[in-house]
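Guided by the hints, dock chain A onto chain C, whose structure is given.
Listed here are the chains, written in short residue letters.
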Amino acid sequence: MKHKLLAHGLISIQDLSAAEILSIVKLSEAMKRQPKKDLLKGTLLASCFFEPSTRTRLSFEAAMLRLGGQVIGFSDAIGTSASKGETLSDSMKVIGSYADLIVLRHPSDGAARLASLATSTPVINAGDGTNQHPTQTLLDLFTIKESQGKLKGLHVAFSGDLKYGRTVHSLALACAQFDMRLYFISPDSLSLPEETCHYLRKQGIKFSFHQNIEDVIGKVDIFYMTRIQRERFDEVSYAKVKGLYVLKPSMLEKVKKNLKILHPLPRVDEIDPAIDTTPYAHYFTQAENGLYVRQAILGLTLGKV
Amino acid sequence: MAKTVSVAAINDGTVIDHIPCGQALKIIHLLQLDHNRYKVTIGLHLTSSSMGFKDLVKIEDRFLTQKETQDIAVFSPQATICTIKNYKVASKISSKLPSTIEKILVCPNTRCITHQPHVMTEFSVEEFKQKVYLRCHFCEKLFERDQIKEYRI
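Residue numbers (the working numbering), protein chains in the order written: chain C, 1 to 305; chain A, 1001 to 1153.
Among the hints, erroneous ones may be present.
For lysine to any residue, the following SDA-like pairs were computed, each having C-alpha atoms within a straight-line distance of at most 25 Å [what the hints assert, rightly or not]:
| # | chain 1 | residue 1 | chain 2 | residue 2 |
| --- | --- | --- | --- | --- |
| 1 | A | K1096 | C | L192 |
| 2 | C | K202 | A | Q1147 |
| 3 | C | K202 | A | P1098 |
| 4 | C | K202 | A | S1049 |
| 5 | A | K1026 | A | T1041 |
| 6 | A | K1103 | C | E195 |
| 7 | A | K1103 | C | D90 |
| 8 | C | K93 | A | K1103 |
| 9 | A | K1129 | C | E195 |
| 10 | A | K1129 | C | T87 |
| 11 | A | K1129 | C | I205 |
| 12 | A | K1026 | A | I1093 |
| 13 | C | K202 | A | S1124 |
| 14 | A | K1129 | C | P193 |
| 15 | A | K1103 | C | Q203 |
| 16 | C | K202 | A | I1093 |
| 17 | A | K1103 | C | T87 |
| 18 | A | K1103 | C | R201 |
| 19 | A | K1129 | C | Q203 |
| 20 | A | K1131 | C | G79 |
| 21 | A | K1131 | C | E195 |
| 22 | C | K202 | A | D1146 |
| 23 | A | K1149 | C | I205 |
| 24 | A | K1131 | C | T119 |
| 25 | A | K1131 | A | N1086 |
| 26 | A | K1131 | C | R201 |
| 27 | C | K240 | A | Y1087 |
| 28 | A | K1129 | C | T119 |
Coverage of chain C stretches by chain A, computed from C-beta distances (three or more under 8 Å per stretch; other residues unrestricted) [said to hold, decoys possible]:
| # | region |
| --- | --- |
| 29 | 87 to 95 |
| 30 | 109 to 119 |
| 31 | 126 to 136 |
| 32 | 187 to 197 |
Derived from the structure by calculation, the hints contain no laboratory data.
Note that the coordinates shown come from a computational prediction; the quantities given were computed from them, not determined experimentally.
Just so you know, even glycine gets a beta-carbon here, dropped at the ideal spot from N, CA and C.
Same shape as in the complex, but just chain C:
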């Protein structure tokens, strides 16, 4: 059976079924266990980052290079034809004719969907505004499965910027496919968007909203912390929410033994560095896993696995 990723790239986590997600997770495990150094030899990736990124861009480029492929691209919009007023559709048409695959990050919500309509070259969404970040979701799920041995039925808490954090939106939607119990901890001003809540209700997922980390952390298998995204606020609004939720070692006294703390990184001050050395900290392993998951996605999209 041909995998969906082969034909269309990856735009939204909602385009994937639970079985397809599990097959990507399985392939990621194989990539981590046994690297395939010439798998993508002779293929070219266009890495198009209209917005800054460290981990996502470097892990995609490292994934491509470590599998023997090559990379062209840019790491911000300055100096590209977009700064001269070219539309995204035109840029994607042209770049699509140069490369076998496009990885796109863009500040506008829905940019990846538009790009996929503009070119027949597969597009992988590496983050579109506040909307989705599906490859982050897949690496989160891979990390959860690796650390817990399963996905189904886990209890997962999300904390921080649940309104603008696209990693939260994508992961919450994916968790719904595996019947997880979800807890959302945030101030009212940064709570989960209605469209995500609507989807969870439709799927019959149990979820609840909370104001304090302490009310929830003892109940969960995964605690997913996020950064308040300064770039999405004005100064006054940012000052009101900055530092509201900080995970400290004292909060870990009564947690489950199997608890793992995840964070899409970069962190600012929302996880005390003293937690890094506890057995619960798992965010650096999570970041490393991004390499293997993106190798799996590139291999699938280019039809090499």
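Leaving out everything else, chain A in the frame of chain C:
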């Protein structure tokens, strides 16, 4: 008080009734009736026993396509559309929302890529617990119909 007919009857054509107040002119633009020679009668703020007040549009010698009746439902879901032949109602249908709505709605999400020039919008229509929601195909945000205030017509 004697009952008066506030809008004249038509021989052949279409009557769009039970339009929420303020929506009639949008329907005129939607059907591009301001760009052709059809005779159009518009009633604004007419009294209605079921709605209190309503708008009404009569178009002589013009019949609507199924797509046009679906598009009208976007603006006035409770509208009734009557086809008139020889002064009699030949058919009467309630407008019904389509499964997707292309081009005519503006996404309320100002960060959505559809606000870039030359990008057409597309919304899917979802019903949940007897409420109608519209989901943008691009930014994937979900809106209640009343949240959509702008139209490209």
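Hint check results:
1. A:K1096 <-> C:L192: Status violated; Cα separation ~31 Å.
2. C:K202 <-> A:Q1147: holds (21 Å)
3. C:K202 <-> A:P1098: Satisfied, since the Cα-Cα distance of roughly 21 Å is no more than 25 Å.
4. C:K202 <-> A:S1049: Roughly 37 Å separates the two Cα atoms, so the pair is violated.
5. A:K1026 <-> A:T1041: holds (14 Å)
6. A:K1103 <-> C:E195: With a Cα-Cα distance of about 21 Å, the restraint between A:K1103 and C:E195 holds, given a limit of 25 Å.
7. A:K1103 <-> C:D90: holds (20 Å)
8. C:K93 <-> A:K1103: Roughly 22 Å separates the two Cα atoms, so the pair holds.
9. A:K1129 <-> C:E195: Within the cut-off at roughly 15 Å; holds.
10. A:K1129 <-> C:T87: Given pair A:K1129, C:T87 is violated - Cα atoms ~39 Å apart, limit 25 Å.
11. A:K1129 <-> C:I205: holds (16 Å)
12. A:K1026 <-> A:I1093: holds (20 Å)
13. C:K202 <-> A:S1124: Answer holds: C:K202 to A:S1124 is near 16 Å, not above 25 Å.
14. A:K1129 <-> C:P193: This hinted pair holds, its Cα atoms lying about 19 Å apart.
15. A:K1103 <-> C:Q203: Between A:K1103 and C:Q203 the Cα gap is close to 29 Å, so the pair fails against 25 Å, i.e. violated.
16. C:K202 <-> A:I1093: violated (31 Å)
17. A:K1103 <-> C:T87: Distance ~18 Å between A:K1103 and C:T87 Cα, so the pair holds.
18. A:K1103 <-> C:R201: Roughly 29 Å separates the two Cα atoms, so the pair is violated.
19. A:K1129 <-> C:Q203: holds (13 Å)
20. A:K1131 <-> C:G79: Roughly 47 Å between the alpha carbons, so the hint for A:K1131 and C:G79 is violated.
21. A:K1131 <-> C:E195: holds (14 Å)
22. C:K202 <-> A:D1146: holds (21 Å)
23. A:K1149 <-> C:I205: violated (32 Å)
24. A:K1131 <-> C:T119: violated (36 Å)
25. A:K1131 <-> A:N1086: Violated. A:K1131 to A:N1086 sits at ~38 Å, over the 25 Å cutoff.
26. A:K1131 <-> C:R201: holds (14 Å)
27. C:K240 <-> A:Y1087: This hinted pair is violated, its Cα atoms lying about 66 Å apart.
28. A:K1129 <-> C:T119: violated (38 Å)
29. 87 to 95: holds (count 3)
30. 109 to 119: That given contact holds, which follows from 5 residues of the region 109 to 119 of chain C lying within Cβ reach (below 8 Å) of chain A.
31. 126 to 136: holds (count 5)
32. 187 to 197: holds (count 3)
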